[in-house]
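Participant: Residue numbers (UniProt numbering): 1 to 638.
The hints are simulated quantities; they were obtained by calculation from the structure and are not laboratory data. Note that CB positions come from ideal geometry on N, CA and C, so glycine has one too. Incorrect hints may appear among the rest.
Unchecked claim - Per label pair, the in silico range of CB-to-CB distance:
id	residue 1	residue 2	range
1	I429	N54	49 to 55 Å
2	R131	D174	21 to 27 Å
3	A417	R52	44 to 50 Å
4	P100	P572	57 to 63 Å
5	P6	G79	19 to 25 Å
6	A417	E553	52 to 58 Å
7	D548	G491	52 to 58 Å
8	G604	D174	49 to 55 Å
9	E514	S612	23 to 29 Å
10	A573	A234	51 to 57 Å
11	A614	E514	23 to 29 Å
12	F152	E514	56 to 62 Å
13	E514	D174	48 to 54 Å
14	E49	E154	52 to 58 Å
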Amino acid sequence: MHRYAPALDPTGIVLRGPLGEALDANLGGRLSHFIVDETSPAIALFAPERRRHNSEGDWYGEHAGKWLSAAAKAAARSGDARLLGNLRRVADFLVSVQEPDGYLGTYAPERRFMRKQPPKPVSWDGAPSVRTWDIWAHAYLILGLLEVHKHFPEPRYLDAARRIGRLCLRTLSDGGIDITELGNHFGLSATVLLDPAVELYFATGERDFLDLALTVLGQADAHPPLALLTRALAGFDAAEIATGKAYQLAWNLVGLAKLHRASGHADYLRAAESLWRSIRERHLTLGGGPWGGVAHRSREVFNAPGAFSPQGYVETCSTLAWIQLNRELLAITGQARYAEEIERSAYNDLLAAQAPDGEDWCYYVFPNGRRVHTTYWRCCKSSGAMAVEELPGVAYALGEDGSTTVNLYAAGSARIAHPLSGELLLQQITDYPFDGAIRIQVTPQRAARFALRLRIPSWAQGARIEVNGAAVAGEPVAGDYFAIEREWREGDTVALQLPMRPVAHRARNRNVQESRAPDGSAVAQEVLHHEYVGFTCGPLVYATGLIDGFKSEETVRLPAAPESDWLQWTPPAGDAPPQLQLRLGYRAPLLFEPYYRAGGRSDGAWRLTWLSLAPADAADPGPQRDFAHDAHAPSKNS
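Kindly produce the complete structure, drawing on both the sequences and the hints.
Facilitator: Spelled out as structure tokens, the structure:
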């Protein structure tokens, strides 16, 4: 049976290739420049004189906790002395301005979360009568302070986080205030407190913080428009939980998964997994990002099940929360599908949002649309920085029995304190994700027998594995781990070959109007039907630019020949990335490159992932992976 395997400390993990470039850019860009000390605008907000007069109800305080979280991990993995100095200075300043009751926000006294609000009117997004992000910002402050304490222990950082938690507990238990009154989207942006509450319990072992988490969940579930646990266990779609706000809902599920770990309550895990399946099956782009933006819905909430538009939105904050949810479920269950989702999101929608300099980020990425680097302090710039720093810790895992798992493939290395072999060095030599050939050099400090578990992606049918040039016994199963148990010695080498085959994926936006005839018989009429085709190869989504240099849409008729005749993949050569070529016959070939780097990752560049397919009477290209979305709309007669 799998035992919980937490993310590894990023110290000793080195990622190269596209992920390593993203980490280097993150350290040299956003994390080193956005915040440096107490005079940085995002930290100056916390100065007592500033907070005393702030009655705006803004969310800008979130950046402090997000930066602390990401910068602590980056400083630990890199050993960057300047970043560490900045980190300590900022953390010490925040601790110094915490008020005696534990408050550490940016709001004037009359706007703080401890003040009871008048009854709120019903609104489409569940906004309270007085808009507030105070609990939200404190949730991130707790996580940030705990992350700093984890890597660079100082009692004052843990104590500051503990005092925030105790203030929240007093407010929700003795203050007569319900957590759902303190956040938007019917409370979703306040019930995210579930995650830091459990983290406080893990860090301190104090029962009060487990009680805080249970209080938050109990109030969230008792609020009819939210009913988080009840609806999840009943099989509701993610779009039907509160407003379906993707970022906040996924972050709530992170907390729910952690609460399962803390309490052992099976329903919490079942609920998180149920909504994970809903998101995975109905609400992800081809690049692994949670998306919205179709029809009248807010661009940051999940679309109604079945709605599909290639112009939909992926909020980078949502990609962060989705990666974190998969991190938790991977650690709890050990199932390969969660690692695969992290990899898919990282190599596609996450990298697609980051600019090469690490300073700029896209608030939204679009499967089909223009790349826009966001301005000012937008939330996604800090969320993207956090998401990148998640990757080293989940790349490898270590079990209590010494089993060592490779979750992410990328050039680089890992130095792991192994219970059986002493220090274990794993070195990946590969051009992945551009190529499927991966060589892993295994160097234990001393010879030891343990299992090395390799993740076989679901797309890698026919994967091959050799150890020291000899084929291993057993057949790797796509979508699972393959364990090689043996005595490992210095100089052992594993060769993994993952077949890279281009795959066409179909998406469908189809509406069937359902009603009943006068005689009671069922009537179903298709009133809308549009089909699209997009392409992947290995873990990467591929995209092209404007068609013929100016068209943002293209309708194609696919040949009736085998896919391999008209969809061709060219592996990387030198500095040239891999490329897909779509040979339609009736026009010049269309060239596709990896989605994240399409258009040179420059602001304003266009990326087109999905092409519209000619109507059904066009030639059928044969079997392809179905990415179908169907909408069944009852008529007013039903």
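Participant: Next step is simple, just say for each hint if it's right about the structure.
Facilitator: Evaluated hints:
Range check, I429 to N54: Cβ separation about 53 Å, and the 49 to 55 Å hint holds. In this structure the hint that R131 and D174 lie 21 to 27 Å apart at CB holds, the actual value being about 25 Å. A C-beta distance of roughly 48 Å is found between A417 and R52, which places it inside the suggested range of 44 to 50 Å. The given range of 57 to 63 Å is respected by P100 and P572, whose C-beta atoms sit roughly 59 Å from each other.
Taking the beta carbon of each, P6 and G79 are about 22 Å apart, inside 19 to 25 Å as hinted. Between A417 and E553 the CB atoms are about 53 Å apart, so this pair conforms to the stated range of 52 to 58 Å. The supplied range of 52 to 58 Å is met by D548 and G491, whose beta-carbon atoms lie about 54 Å from each other. Roughly 53 Å separates the CB atoms of G604 and D174, a value that falls within the hinted 49 to 55 Å.
Between E514 and S612 the beta carbons are some 26 Å apart, a value that agrees with the proposed interval 23 to 29 Å. Between A573 and A234 the beta carbon distance is about 53 Å. The supplied range of 51 to 57 Å therefore holds. Checked against the hint of 23 to 29 Å, the pair A614 and E514 passes, with Cβ atoms roughly 27 Å apart. As the Cβ distance of F152 to E514 is approximately 59 Å, the hint placing it in 56 to 62 Å holds.
For the hinted restraint 48 to 54 Å between E514 and D174, the CB-CB distance of approximately 51 Å keeps it satisfied. Judged by the Cβ atoms, the range 52 to 58 Å given for E49 and E154 is violated: they are separated by roughly 26 Å.
When each numbered hint is compared with the structure, a violation occurs for hint 14 only.
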